[in-house]
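Asker: All chains, full assembly: derive it from the sequences and hints.
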Amino acid sequence: MAEFLQLLFAGLTTGAVYALVALGFTLVFQASEVVNFAQGEFVMLGGMVTVFAFKAGLPLPWAALSAVLVATAVGLLLHRLAIEPAKGASVVTLIIVTIGASILIRGLAQIVFDKQFHTFPAFSGDEPLRLFGAALLPQSLWVLGGAAVIVLGLWLFMEATLLGKAVRATAANRLAAELVGIDTRFVLALAFAVSAAIGAVGGILLTPITLTNYAQGTLLALKGFAAAMLGGIGNPVGAVAGGLLLGLLEALAAGYVSSAYKDGVAFLVILLVLFARPQGLFGRRAIERV
Amino acid sequence: MGANGRRKLALLAALLAVLVALPWLFPSAFHLRVAALVWINAIAALGLALLMGLAGQVSLGHAGFMGIGAYATALGPKHLGLDPLLSLLGGIVAAGLLALLVGRPILRLKGHYLAVATLGLGILVHLVIVSEVPITGGPDGVQLPRLELLGWRLAGPGTWYAITGASLLLAVWLALNLEDSATGRALRALHDSEIAAAVVGVDVARHKLLVFVVAAVYAAFAGGLFALFNRFVTPDVAGFLRSIELVTMVVIGGMGSIAGAVVGAALLTVLPQALTLFHEYEHAVLGLLIILFMVFLRQGIVPGLAALVRGRFRSPA
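Going line by line, the protein sequences match chains X and P.
Each residue of the first sequence is one higher than the one before, counting from 1 in the numbering used here.
Each residue of the second sequence is one higher than the one before, counting from 1001 in the numbering used here.
Derived by calculation from the structure, the hints in this document are not laboratory data.
Cβ atoms here follow ideal geometry from the backbone N, Cα and C, with glycine treated the same way.
Hints may be right or wrong, so weigh each one.
Not the full set, but computed from the structure, chain P residues with beta-carbon under 8 Å of chain X [unchecked claim]:
#1 ASN1004
#2 LEU1012
#3 LEU1025
#4 ARG1108
#5 LEU1109
#6 HIS1112
#7 ALA1117
#8 LEU1121
#9 ASP1236
#10 HIS1283
#11 ALA1284
#12 LEU1288
Answerer: Next comes the structure, spelled out in structure tokens:
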């Protein structure tokens, strides 16, 4: 029981970060039908910028804030310099553009920072809490709490603000949104900025637990993508559920089956799910019009 | 001979001319080695070009099939004492069977779902190669003995240039024939509209599966050739980045263009060799170039240039 609980904590913690990455995917996808494979790089930037700002003498909260700002700026640049000019290109072309962007960001991070693993102190110490015989790092609570706040905040933004409604209108039907006067270009820029900021926060919260380096983003992006597809892409609730589920399955597989194949769980699950339900767990069956 | 036949012959003749001319222009061993790598990558890209350009299906895990071909060729002689060429054949059959097995459920998916499923398949193959250390040697890779054929030792960049070049010529010829066959026309039809193709009697599922298997076989053959040529394989041959490189070769060259796949492979193989001069900046420059190509030459080099040339001729200067 204690072992299971331990795995549960670990799974939910990484799952919360997958959920944030998947949420970023979903936001951009809803606004533009673009799957942004550079999403994982925002997580990397969140961790790495915080590390280097903190080392340069900035207090941790300010270092974290600067990291979110840097990631947001990179997100906006990505939209302005790569996604906008490629407007109207095919799905495959857009996927390759964002993969190119992720290689570029990683390459630059490798030059600006370095290739080492880094971390900074956990927010509330490293003394684990004891719960029914299992150890829980206080930082895990920060990750889970932070993710919950972001999900809630995003939901409130989408439901209660005019801007959020504009985003939803754009997601539902871009042309109709433009006809009622919504600046869909601005909405898409906003989606990139917000998803970058969300990714960066995920990276900042996770770094004291898992460490970070310049190449961390790729696998996170792939797993976040798998999580988003698992939930049915374009569905925020599905993205969060998919992320948590993936984290849990991974932790359980690592604990009970084989830790070497931990990274394969996400992809095995996504294959099986897609074979059984080609539209994802929470996606609605698409009806094709001829 | 119709217009298609003439176009086919012209393309094959042009390729043959390039294959023969290159060693005269660049006779150094280094250049021949790079050229052999280009031909190998072009074979893999060619298969993917059939899948993506002709049938309109995407695979983000194609390096997985390359890895199967490469590792079968490397491990057959090592563990089973098999002939390397027989092992290569085994690898091709294994990759084809895997494609046949997973192809039907995977190819039911569309767009991003197809992308993530193929991506997952590639990553799983890579993971198995990395994890099964006692069999595959894990991340350290595995060495191959020198290839001997009928008492001849196949060694030296010149020999391998000839072998890979001849293989590419064969691969291009087969691809052109497939494109020009009833199957090729069925694939183009289902690319335009699966429903319309089904209505006129094309067995959509069977044709998609067929081209998926062909693409897997091409990749496995290229992987096996690479293993024999390089005499050393690491799991990188099956990695996610390799898959992306392959897709990028096809798209940069021009989707649906067989010449484009070769041009794209040449560019993406030669470029990193040139960029090693700027060691630190290699990745950043590669990423930047990919974005620039996709944004400014969206339809790819070969179709883009063809359109340009045609425009020149048409407009009265």
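Asker: Taking each numbered hint in turn, which are not upheld by the structure, reported in ascending numerical order?
Answerer: 1, 2, 3 and 9
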